[in-house]
Amino acid sequence: MAMLKINGVERTFSDPLPRTLAELLQLLGVDAATVVAEIDGQIVRKESFGVTPLRDGQSIELVRFVGGG
Amino acid sequence: MDRLTIAGRQFDSRLMVGTGKFASPQIMAQAIEASGAQIVTVALRRIDLSDPNDRLLSAIDQTKVLLLPNTSGARDATEAVRLARLARAATGNPWIKLEVTPDPYSLLPDPVETLRAAEVLVKEGFVVLPYINADPILAKRLQDVGTATVMPLASPIGSNQGLKTRMSLELIIEQARVPVVVDAGLGLPSHAADAMEMGADAVLVNTAIATAADPVAMARAFRLAVKAGRLGYLAGPRGASRLAQASSPIEGLLQ
Chain A
1 MAMLKINGVE RTFSDPLPRT LAELLQLLGV DAATVVAEID GQIVRKESFG VTPLRDGQSI
61 ELVRFVGGG
Chain B
1001 MDRLTIAGRQ FDSRLMVGTG KFASPQIMAQ AIEASGAQIV TVALRRIDLS DPNDRLLSAI
1061 DQTKVLLLPN TSGARDATEA VRLARLARAA TGNPWIKLEV TPDPYSLLPD PVETLRAAEV
1121 LVKEGFVVLP YINADPILAK RLQDVGTATV MPLASPIGSN QGLKTRMSLE LIIEQARVPV
1181 VVDAGLGLPS HAADAMEMGA DAVLVNTAIA TAADPVAMAR AFRLAVKAGR LGYLAGPRGA
1241 SRLAQASSPI EGLLQ
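Protein sequence lines, in the order shown, are assigned to chains A and B.
Going by our numbering, 21 is the number at position 21 of the first sequence; the sequence numbering is gapless.
Count along the second sequence from 1, add 1000, and you get the number used in our numbering.
Isolated chain A (complex conformation) (with noise of 0.2 Å):
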């Protein structure tokens, strides 16, 4: 069992962790591009979504635009 806390939430995986971010997002079915990342407070180079690798206990942020003023 390995725990990812993404956007404030912890969620647990009784398979092994996506090995990467991009496998993250692809499983939870968000569009890559469209995505800023944070892992434990540093921003993600959207390059380097295929190469960063997830760790248990990581506390993640995914954020995009919306509409605002």
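These are computed hints drawn from the structure, not numbers from a lab.
Note that this is a predicted model, so its numbers are computed, not measured.
Heads up, some of the hints might be wrong.
Said to hold, decoys possible - Quick look at which bits of chain B chain A covers, simulated, 3 or more residues with Cβ under 8 Å:
no.	region
1	1019-1032
2	1037-1048
As the list claims (entries may be wrong) - Derived, one-sided and incomplete: chain A residues facing chain B with beta-carbon distance under 7 Å:
no.	residue
3	Ile43
4	Arg64
5	Phe65
To be verified - Quick list of in silico lysine-lysine cross-link-like pairs, DSS-like style, CA-CA up to 25 Å:
no.	chain 1	residue 1	chain 2	residue 2
6	A	Lys46	B	Lys1064
7	B	Lys1123	B	Lys1140
8	B	Lys1140	B	Lys1164
9	B	Lys1227	B	Lys1064
10	B	Lys1064	B	Lys1123
11	B	Lys1123	A	Lys46
The beta carbon of each residue, even a glycine, is placed where N, CA and C say it ideally should be.
Assemble chain B onto chain A, guided by the hints.
For chain B alone, coordinates are given in the frame of chain A:
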């Protein structure tokens, strides 16, 4: 050609448009088109993982408009700086509308935290457009720090009350060495024209367009009002006088 220049970048339109509160992305896209805006604000929020599809960016033609992300939701300088960095990672450009509004009741911007965040962001190379209360001293302090504009409010955000801060806006415009963008509270095209006649360099409108019965028509009305107000300002209006001044000659009257 009378163009708006912000941080060395030129724009034909002096109307900026916010993308909040539209009934659908399609109506938003049509309204942006009708407004002629070349700068469009957006907010940054957590993705809803139960509904992860993007509905905004796909509707905005980024070859025609510059995305201006805001730091809305930030309650202090630290949160604003974090949001600005995330926004820059998303857009790939350093333009940021700095907003720090800790009080959910008034939604008025915090001047101390805004100045603090502006200092950090300017040092990090951001093009900072700070949303502020109409405070001439704060506007000057921000300009000294190196912000690209100042964005004083006309009245509380979303209130549609028009130019309640007129006297302070006049002072800000008089002193400014950076473009003054009147933001927040403009509820009618006439309010926008009024701000432009005063000498504002641009205005930002969201609620008044997005929540109108016909947002696309309202976007067009604001576009024309901003143009009319700007032309009126450039034409050099004569001030008001207390008493009547005859328009027709007072000589040569029939006896």
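Is the coverage entry for the region 1037-1048 of chain B by chain A consistent with the three-residue Cβ rule at 8 Å? holds (count 7)
Taking 25 Å as the top limit, are the C-alpha atoms of B/Lys1227 and B/Lys1064 close enough? Since the Cα atoms of B/Lys1227 and B/Lys1064 sit roughly 19 Å apart, the hinted pair holds (cutoff 25 Å).
Between the alpha carbons of B/Lys1123 and B/Lys1140, is the straight-line distance 25 Å or under? holds (18 Å)
Was the hint right that A/Phe65 lines chain B, CB cutoff 7 Å? Holds: closest Cβ of chain B sits about 4 Å from A/Phe65, inside 7 Å.
Classify the hint on A/Ile43 as holds or violated, based on whether any CB of chain B lies nearer than 7 Å to its CB. Constraint on A/Ile43 satisfied, holds at 5 Å.
Given the hint that B/Lys1140 pairs with B/Lys1164, does the C-alpha gap stay at or below 25 Å? holds (20 Å)
Count the residues of the region 1019-1032 of chain B whose CB lies closer than 8 Å to any CB of chain A, then report whether that count reaches three. Holds: 5 residues of the region 1019-1032 of chain B have a Cβ under 8 Å from chain A.
Given hint B/Lys1064 paired with A/Lys46 - CA-CA distance at most 25 Å: Distance of about 23 Å is within 25 Å: holds.
Verify the interface restraint on A/Arg64: the C-beta must sit less than 7 Å from at least one C-beta of chain B. holds (5 Å)
Going straight from one Cα to the other, do B/Lys1064 and B/Lys1123 come out at no more than 25 Å? Status violated; Cα separation ~29 Å.
Holds or violated: B/Lys1123 and A/Lys46, Cα atoms, limit 25 Å. holds (24 Å)
Taken one by one, the earlier hints fail for this structure only at number 10.
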